[in-house]
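Based on the provided sequences and hints, a complete structural model is requested.
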Amino acid sequence: MIESFQETLVAAGENATPLSITGGGSKAFYGRRPEGREFCVRDYRGVIDYSPTELVITARAGTPLAEIEAVLAAENQMLAFEPPHFGASTTLGGTIACGLSGPRRPFAGAARDFVLGIRCLNGKGEQLRFGGQVMKNVAGYDVSRTLTGSLGTLALLLEISLKVLPRPETEVTLCRQTTAAEAIVLMNRWAGKPLPLSATCFHDGQLALRLSGTRRGVQAAAEQIGGDRMDPAETFWEDLREHRHAFFTDDKPVWRLSVPPATAPLVLEGETFIDWGGAQRWITTMLPTAAVRAAATAAGGHACRFRSNDREAVFQPLPAGLLALHQRLKHSFDPAGILNPGRMYAEL
Amino acid sequence: MSSATFTLLLRSHLPEQCVLSHPEDLRPYECDALSAYRNTPLAVVIPETQQQVKTTLQLCSENRVPVVARGAGTGLSGGALPVTDGVLLSMARFNRILEIDTGNRTARVQPGVTNLSISKAAEPYGLYYAPDPSSQIACSIGGNVAENAGGIHCLKYGLTVNNIQHLEVLTVEGEQLTIGSAALDSPGYDLLALMTGSEGLLGVITEVTVKLLPIPATAQVVLAAFDSVEAAGTGVTATIASGIIPAGLELLDNPAIRAVEKFVNAGYPVDAAAILLCEIDGTADEVSAQIEQVSRVFRDAGAIDLQVSRNEAERQRFWAGRKAAFPAMGRLSPDYYCMDGTIPRKHLATVLAEIGRLSSEYDLPICNVFHAGDGNLHPLILYDANQPGELERTEELGGKILEICVAVGGTITGEHGVGMEKINQMCVQFNAAELTQFHAIKQAFDKQQLLNPGKAIPTLHRCAEFGAMHVHEGKLPHPELERF
Ligand SMILES: Cc1cc2nc3c(=O)[nH]c(=O)nc-3n(C[C@H](O)[C@H](O)[C@H](O)COP(=O)(O)OP(=O)(O)OC[C@H]3O[C@@H](n4cnc5c(N)ncnc54)[C@H](O)[C@@H]3O)c2cc1C
Chain C
1 MIESFQETLV AAGENATPLS ITGGGSKAFY GRRPEGREFC VRDYRGVIDY SPTELVITAR
61 AGTPLAEIEA VLAAENQMLA FEPPHFGAST TLGGTIACGL SGPRRPFAGA ARDFVLGIRC
121 LNGKGEQLRF GGQVMKNVAG YDVSRTLTGS LGTLALLLEI SLKVLPRPET EVTLCRQTTA
181 AEAIVLMNRW AGKPLPLSAT CFHDGQLALR LSGTRRGVQA AAEQIGGDRM DPAETFWEDL
241 REHRHAFFTD DKPVWRLSVP PATAPLVLEG ETFIDWGGAQ RWITTMLPTA AVRAAATAAG
301 GHACRFRSND REAVFQPLPA GLLALHQRLK HSFDPAGILN PGRMYAEL
Chain F
1 MSSATFTLLL RSHLPEQCVL SHPEDLRPYE CDALSAYRNT PLAVVIPETQ QQVKTTLQLC
61 SENRVPVVAR GAGTGLSGGA LPVTDGVLLS MARFNRILEI DTGNRTARVQ PGVTNLSISK
121 AAEPYGLYYA PDPSSQIACS IGGNVAENAG GIHCLKYGLT VNNIQHLEVL TVEGEQLTIG
181 SAALDSPGYD LLALMTGSEG LLGVITEVTV KLLPIPATAQ VVLAAFDSVE AAGTGVTATI
241 ASGIIPAGLE LLDNPAIRAV EKFVNAGYPV DAAAILLCEI DGTADEVSAQ IEQVSRVFRD
301 AGAIDLQVSR NEAERQRFWA GRKAAFPAMG RLSPDYYCMD GTIPRKHLAT VLAEIGRLSS
361 EYDLPICNVF HAGDGNLHPL ILYDANQPGE LERTEELGGK ILEICVAVGG TITGEHGVGM
421 EKINQMCVQF NAAELTQFHA IKQAFDKQQL LNPGKAIPTL HRCAEFGAMH VHEGKLPHPE
481 LERF
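Respectively, the protein sequence lines represent chains C and F.
By the working numbering, the letter at position 163 of the first sequence is numbered 163, and the numbering carries on one by one without gaps.
By the working numbering, the letter at position 263 of the second sequence is numbered 263, and the numbering carries on one by one without gaps.
Listed below are the simulated SDA-like cross-link pairs for lysine to any residue, each with C-alpha atoms no more than 20 angstroms apart in a straight line: (1) F:K346 to C:Q77; (2) C:K124 to F:A433; (3) F:K447 to C:G321; (4) C:K252 to C:L268; (5) C:K193 to F:G103; (6) F:K323 to F:D132; (7) F:K447 to F:E175; (8) F:K54 to F:L177; (9) F:K156 to C:Q77; (10) F:K447 to C:L323; (11) F:K346 to C:P166.
Here are some of the chain F residues that sit facing chain C, going by a computed Cβ distance under 7 angstroms: (12) N162; (13) L184; (14) Y189; (15) D190; (16) A193; (17) G197; (18) A289; (19) T342; (20) R345; (21) N376; (22) G409; (23) E415; (24) A433; (25) F438; (26) A440.
Computed footprint of chain C on chain F, listed as stretches where at least three residues anywhere in the stretch have a Cβ under 8 angstroms from a Cβ of chain C: (27) 96 to 105; (28) 122 to 128; (29) 151 to 161; (30) 168 to 178; (31) 241 to 250; (32) 417 to 423.
Keep in mind that the hints were calculated from the coordinates and are not lab data.
Ideal Cβ positions, reconstructed from N, Cα and C, are used throughout, including at glycine.
So this is what it looks like as structure tokens:
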């Protein structure tokens, strides 16, 4: 199958026909509108290697994310970045290409933190392997992490090795009523204390906090923090991760603002859902792009038009110098510009 | 332009104290901690301001003069080795902590700040910077970023790449780039990852924002002795399999234990074939629960002796031996050579056995002290550079060890970088297309190839020669591996 992928890429390069790489199609809504001929790679699937004691799983990019999670769960392990699926068809490749992470992210790390190695095809159809299946590897530039979140604009991902972690022995969710401002203060104060936190969020007057770890440790921390237990809580965090929570079903555009976690509540017309201990603010609003971006920039962060009908200016524009560097990097992987052109930025 | 003219040009743009060019002033900069490799640079520039760094880079790029950045010079792979016709750019005077943001739990620092001083500055707020290379009192954060440095606690808390948020970088043309931000992610490609571990080949780091973590409430260490290295290896995998990620999990083999005990009275059992040091940190309840669990796992794996630190002083004593391992080697032997391959943990026992075999074959003693939890080996080859041919034999033995690491699915360097030292082994780990892609990335940042030339990524030409050299000797290692 790799050979046929290579042929497709080489032919696309020769005819200068852009390709739109698709896996399960679950994140077709994300990023700028795909241009080019659809090139579906989901059939390249299957777990290649998984040894629980190595804490590493290697799988083909077309493998359904659900399959990977099931394989890990059978060994009491997990993907600690809690990737959102956004649908049943999600593949591992799409997950890594989008680089999205769920509620555990501020405490466990993002998708990129768990990527150990990648086998891929660059725009010339050359098969390349970077990183590996070991925890530490500084030989050569860290291309595998650079490809994570690059929305398929640099290379076609074939195989991915991820670091996995043991599932916590137990999890407890606590909640309390408070204001957004107070919630941000509390979330950051707790994050600065040695507590087994694994998620904190705030919406509609309710601060929710998840503790993960050993039974004894979680119990002691829960007593220290106080608040009401949410039971069961699993669906609450899953609904947040999957954007099934009522907040996200609004018709208005959904913005994602990534800001320093302790940033005070942003004064923006619209509704807000605060996740990642304050570092990720979901906002549904009809405000013009410039207003939302300005608020994010003023706070030292950036804004992404995450879900909306306007697919033109999705990601925060890059300063000229960085954009030029992005263009040169894109060219170094994909000189003919056939891999998902325009999916991230019009210029890439 | 001649060297002398270029030095004059530097002097005409920079304050007197920022430019060194007299031979005796250049000597301290001839090498990093891999002192077998030495070069005298054309001049050393020690800028004090961002503008001076920029001026230096602009002068170099306009005149096509190579530039090698240097932090504290503790690198073990020759990364900061000067090039003879180039400038050595020392970032040593960029040694200020600019801001500790307790609310967002970050520290914004200049690149020349030492690793440990960040944690010292954050301590009053109950915070610290997690990656802790053994060289942390001396090495700079800029050098840590350039090498993606690791340490004992990286098993649980990650490497440098997992613990930084933002960099200010100057390109070789002197253009300033802001990479990352005070938020947890940034738009565009993950250039933070690309810069981390790039060994000074892509840009000069002028500012770093690191993440700070809460200081764990408590920590305890289990010291477990085993009568075979295999059993200790089982102890490592069984710990992970039991669902625990220790804060640190280190292995010392018998030669290392003996060497260490001679100099530090850490209380290590000198008859053990290997010991494991396993640190658990967290809240008091987390720690007591996991210490019990780990102790059980080690006993099941065949530990012949178990000690759990009862207080902070004892914990420090257990670690004192591990920390003194390198200096101890320095006293055992005139010279030692530290390797840095990483392997999948399941191959620990076989690879250590193979290293033992090579040690006898080359008649050079090897001690093993390493990050077992990560599978990051540090075989220390003891030798005497004054004995003719011994350095060459040592390097050849080191190369063999790295090739074994690659053959079992590992890598030639886990944390020390490729630098000058492992440049030939890069040809074993990567094929021509991959190396070409690396060069293309370099080109995107530094089209004149002026930043740290000749390091980290070998030219295809060099690899062809390296491959040919081995064939010529009739000892091609691992013929199953692709090469050209
Ligand atoms: C006794 C001892 C123990 C060690 N233990 C460990 C360990 O446990 N873990 C570990 O990972 N390493 C360890 N090391 C290796 C070394 O300390 C690390 O690689 C460290 O990160 C190097 O930092 P430095 O400031 O000394 O950098 P240098 O040696 O000065 O430079 C290293 C590389 O970084 C580049 N560089 C430096 N500053 C900049 C900058 N501002 N911008 C761009 N590039 C720059 C240089 O060009 C060079 O390529 C050890 C070394 C010694 C001597």
